[in-house]
Structures are given as structure tokens and as C-alpha cells.
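**Student:** The residues making up each chain are set out below.
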Amino acid sequence: MPWRMLRQIVQVGIVTEPPPEVGAAQEPSALLAEQHEIRQEILAVLGRAVAIRAVDPGSCNGCELEIHALNNPYYNIEGLGIKFVASPRHADLLLVTGPVSAHMEAALRRTYEAMPAPKRVVAVGECGCNGGVFGESYASRGRVANIVPVDVEVLGCPPPPLEILRGIRRALR
Amino acid sequence: MTVDERGKTSGAGPSVNSEVAVPGAVRKPFQLPGLDSTFTRLPGTLPMYRAQVTKAQWRAAASVVRSLGGRLVTIWGIDRRSEAGYCAVAVAYALNAGLVWLDLPLNDTESTSYPDLTATFASAARMQRAVADLSGLIASGAADTRPWLRHAAWPADYFPLCGENNGRERFEALDEPYAFVAVTGDGVHEIPVGPVHAGIIEPGHFRFSVVGEKVLRLEERLGYTHKGIEKRLEAMSLAQGTRIASRVSGDSTVAYGWAYCCAAEALCATQVPARAQWLRAFALERERVANHLGDLGALGNDAAFSFGLAQFWRLREAWQRRSEELVGHRLMMDWIVPGGVKSDLRVEALRTVGEDCVALEAQVRLLESIYDAHAGLQDRFVGTGRVDAQLARQLNLTGMAARASGVGSDLRCDFGGVPYENLQVRKAHAIDGDVAARVAVRFAEIYESLRLIRKIAQDLPSGPTLGNLSEPQARGCGAGWIEGWRGEVLVTIELDDRGLIRRAHCHDPSWQNWPALEHAVIGNIVPDFPLINKSFNLSYSGQDL
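So the sequences go chain by chain: H and S.
According to the working numbering, the first sequence is numbered sequentially starting from 1.
According to the working numbering, the second sequence is numbered sequentially starting from 1.
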């Protein structure tokens, strides 16, 4: 079994792709240089890895699937010095999907308040940015910015992982 | 551990395949034994029947369904006061002969209550609480009357699905205590978890009562992601509703999209072209594979085997990228539309699909052999979070989880419909009902779905991919019933006088399976909860609506 595992690891090799430049289209080259650049950028700003707390305050779970995908080997977000943490106390950045349900309003606000300053907030997805198909109602507060201050918005339903990664980079600048 | 049941669909007995072939053909009218009601067959390729009942028949029908081995699918309330002067409550049951939809008009003196069904079907309890929260209709005699979907974000006397409310009312969210069932005794303590969870997952609250590491009781409190989906659908045209219905649960967007469109097409007397139906099944099987791949990786990870996460999520990513190439969206959202599908597949794309499936199957088989041979992983999987067949039956467990407890149905096998009647789906099956069994069923379903995808790519009928929609039938009723990756998804739609949606109800299989999770964790240790939870991977958004 360990042999089969090792053989699989070697045969698959490294599938990680170059991370995206903010805004611009990506040249599919210079993977290591690009990764190095992002790591340096993060180190220059924070002096350590970026810690993200993700909160789903009422989404359909579509955005969560794409945030999850950032952790797969293709994007290898941890390799860039960006990690997801379990507590808002440890987080630099709040990644929030939407819409914010009325039932999650307090939990989202408390999560934001529990984060140490300075803190950044990235709203992910159509619903997080503008309420999306669910909008505002007796049960939905709509976009994330209605509840906590938002620094960067990432549109898309759901936005693909690269767009979410771009949004995270933008928020760090 | 897994057993294929090939041929079961074509055998004699309760299968109704022979009935479903020709829409509109004359058949013997459907009857429930001992129930004197007239059933109408609803349009669609699966057998679905609807009848109006009285309160006495409502109660009697539940017992009849139970005695026939049927199960409760869902309960919902409808406000018809503006046109007919009364509210109604409806129930859907699944039987060997198909889906039975009973409508109970509450037009007597007790106009806001209906007979409780929990004595016959335990799974009715939360659904009835949700009906009380949203429609203000009470199950008289029900033991548990705590709110379920309402958490003090709106007042107890505000019923969003009542016609006098437009759904845009806004209330301050208050803190309202919820009466969790307390467990007392020497050394018993509680662990509250959520609604914000540690990982990247949907919100919900779990209240564990434990002694040391051992879980004595788990009580779930859900409803946190309730965002008013069903109110939002009200007064929309059928076309407008499609995007919302496709977002009831993002991981099941194909299943919901298809179910919603089936209901819409029934109401518009639409013949969906065969090619479109085959392409929908193609998307549904791709969705099943994507979700099972993700879950198998996450299950490895929850047992500290991160190799599994990296490998399966690599495969899932490649699979999603192919979906984007094929239909223009990584999760295949909005590809299914009323009448058919939005775009056709190119011939060369169909060839790559076959090659993809062969390559993926080889990879998954290799990973399965590694999972099977990993003693540490199997130690965590085997015997953990068990739901035996008897409990599964009592709770009306459904979908993939039920098939892992040896009792499940699978609409694709049991009823076929277009195109499954041509594909002879082999039902995955395991008997142990533990995490290992749910892992085994996922592996078996991946292989079977890959076979189906290849067969669809090979035998795809030619023709158009979009049928014409006629004017919707005012005051009509339609339903769509689809075996999603998690279990059966049901969407029912009732139109008003203008042909707009009066009531659209979306049912997620998680309604049945969440209560089973509470039982599955009893006696297990707290650290095994994430593993057990992931082995079911239930939807919050799908049940919270």
C-alpha cells in the first residue's frame, strides 16, 4: 500500500498551476517566480502567512465548493502562504459568501468583531456582492456590505477559484 | 461489500417501467387501497398521481402508505384564500407504484389545522414544524411544536407564505432561546457547535450531550440559511423561477434544475426532445461523480489521510474544468432550462468524454485499493456512525445513505423514465450502514455513473435540444422527481389564475437524513462526528430554503 501511494504521488507529479496576476490575463509560465512573488508580497505586508476565516452566512453552497477548490493541488493556495483558519481570532481576512440570511446576521457580525484589527473583508459571489437571485426579504439581508464593511467584491455565480484568489490578492494590497 | 443489482429494474413485481413509456396513454386509474379518492396522473415520465382528500382520508392514507412499505417524502402548505377561500396542506409519499401527492383543503371550521402524521412517519416532525413557521398551519396533536425554520428573525405571528404578506417585510432579529432537550446525569456536559463552523461549510448548530468523549445525544438546530426561497418564487413566471430553483443547493444544481423544469414542463404541456433528456441525465451523472469525488477526498482528510484529499480533489478539479468546457459552467448551473438544455454538446466533445471516463475510473480504482488497504483509515471508517436497516426504514432514510444501509430506493432504477429506462442503472448497495458502507456506495456509484456517462455519449439520440413551451395551464399542478447525488429531490408547483407560481415547493433529501445523523452519532466519540457528518454530507441550504 505505501508503495502504491508513493508511486501515485510520483506519477501524478506537481499539478499546481501559476497563480493569477491581479487583474491581468495570465501567462502560463514562470510558476516558481510567480509563487515567489506572491509569497514575498504577503511577507512584506504581514511578515507571515495570511490567515483567512471563511463564513457562509446563508449561501447555496456553490461558492463554498469553489472556495474549497482553492485548496486543491491545482491552486495550492497554502503553498502561496494563504491558509484558512478555524477561528476569527486568528484571521487577517474574512471571506464571506451571501446572501446574509436574517438568521446569520448576528453570527456574521460577531465573527467580524472577533477579528483583530487590521482586518479585510472579501465578499464572494453574486449574492455576497449584491444579494443575487435571493435579494432582500423578511429572511435575507442581501449583500454582505449591508452587515459588515467590505473591501473587495468578487462577482460570479459562483466565481471560479482563480477569481476568488485574485480577490484575496487585491484585498492584501 | 457492495452488491450490484443489475436486472432488478427489468424484473417483475413492483416495478412500473411498463407503465411509463407513453405519456397520455390510457391506463388503469391509480388507487390507494381503502381510500376512496380519484387520482389524476400528472404529466411527466415518472409515475406521479395527485388526489384531493378529506381529513379522515389524510390520516388513513398515511397508514395505508406505511403498510405498503411507502415512505413520506415531504409536507407543505398552500394559501389559496384569495381564489378558493381556504388554505391547504399537501403531502407527497413514495410508493412502489410511484409518487402520491395528496392535497387536503382546510375548508371546514378548523381552517388552520390538519391531522398530525408523526405517529405514522417520524420524519414528518420537522416538516410540520416548518409548515407551521412558514404557512401558519398547525399539525394538531403533534408533540414537538417548537419553531424549526423561524429563529426570532421574524415574529411568531408573521407567516411569510401567507398571501397578505409580500415577503419584503423587515423585522429586527432578536435572540430567542431555543429549548434544546437537556440530558442530565453524573458527568454529562454539553458541547455547543455552530452556527459558524470551523471549516468552509454551511452554517448550522449542533448541541452534543457527552460524557467524556462519548456522545450521548446530538440535537441539531438548522434553519440558519433560510433565505425565503419559496416566498421569492411566488408570483414569478415559470421561466423566472428557474434560476432560483437551480440555487436551492449549489452542489445539486443539476438535480434541482431538472426537477423544477420537469414540473414547469408538465404545466406547459411540453414534449422535451429525447436528446435534451439524455443530456440532462449526462449532467446529473457528472454532478454525482463530482460530489462523490469531493466527499471521498474529504472523508480521507477527516481521518487524517490528506493524501486522499489531494488526490480526489485533483480529480474533481479536472472533472469540473471539463464540465466548463462541455456546458460552460464548472457546476453546470443554468444549463438545464424549461424545454430542454441551453446548448448542445459538440461531437468531438463526446469523444473526449469517453476517454475522460476511462482515465478517471482507472484513477479512482487505484485510490480505492489504497483506501481499502489502509488499516488506519479503515479503522476509522468501519463500524463508525452506523444506521441499521430497521432504523433507516423508520426514519425514511433516502438516497445514497439509505442504499448504504441496505434499504434504499433509487428512482433511476425503480422507475426509469427517459433516459434511464434505456440505461439499466445498477443500484449501489451495502448493508452495514456505517461510514465504510457510505464510502463503498460512493465508489460503486462513481463507477456506475461513469458507465452511464459513456453510454449516454455513445447512444445519444439526435435531434433538437429545446422543445417549445406552450402557455402555462392556469391553476395547474406539476411535479418533478429526480434522483440527485444525495437522494430524491422533489419540486412541486401550483399555478394561480394568471399562470404564475402560486406555490413552488422544493424538497431536499436532507430533510429525511439529518435526523438519521442524530442517531448515527450516538455512542460514538466526539472526534468521529466530522467523519460521520461528512459521510452523509447533507445540505443545509436545501433544507433551510
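Keep in mind that the hints were calculated from the coordinates and are not lab data.
The structure displayed is predicted, hence computed values, not measured ones.
A virtual CB, placed ideally from N, CA and C, is assigned to each residue, including glycine.
Check before you lean on any hint, since a few could be wrong.
Unchecked claim - Rough simulated footprint, nothing fancy, chain S against chain H, three-plus residues with beta-carbon under 8 Å:
id	region
1	46-59
2	94-107
Claimed, not checked - Using 20 Å as the maximum straight-line C-alpha spacing, the simulated SDA-like pairs for lysine to any residue come out as follows:
id	chain 1	residue 1	chain 2	residue 2
3	H	K83	S	F307
4	H	K83	S	H197
5	H	K83	S	A310
6	S	K214	S	N524
**Student:** Each hint should be assessed against the structure and marked as holding or not.
**Tutor:** Structure-based check of all given hints:
{"no.": "1", "hint": "46-59", "result": "holds (count 6)"}
{"no.": "2", "hint": "94-107", "result": "holds (count 8)"}
{"no.": "3", "hint": "H:K83 x S:F307", "result": "18 Å, holds"}
{"no.": "4", "hint": "H:K83 x S:H197", "result": "16 Å, holds"}
{"no.": "5", "hint": "H:K83 x S:A310", "result": "15 Å, holds"}
{"no.": "6", "hint": "S:K214 x S:N524", "result": "6 Å, holds"}
Of the hints listed earlier, there is not a single one the structure fails to meet.
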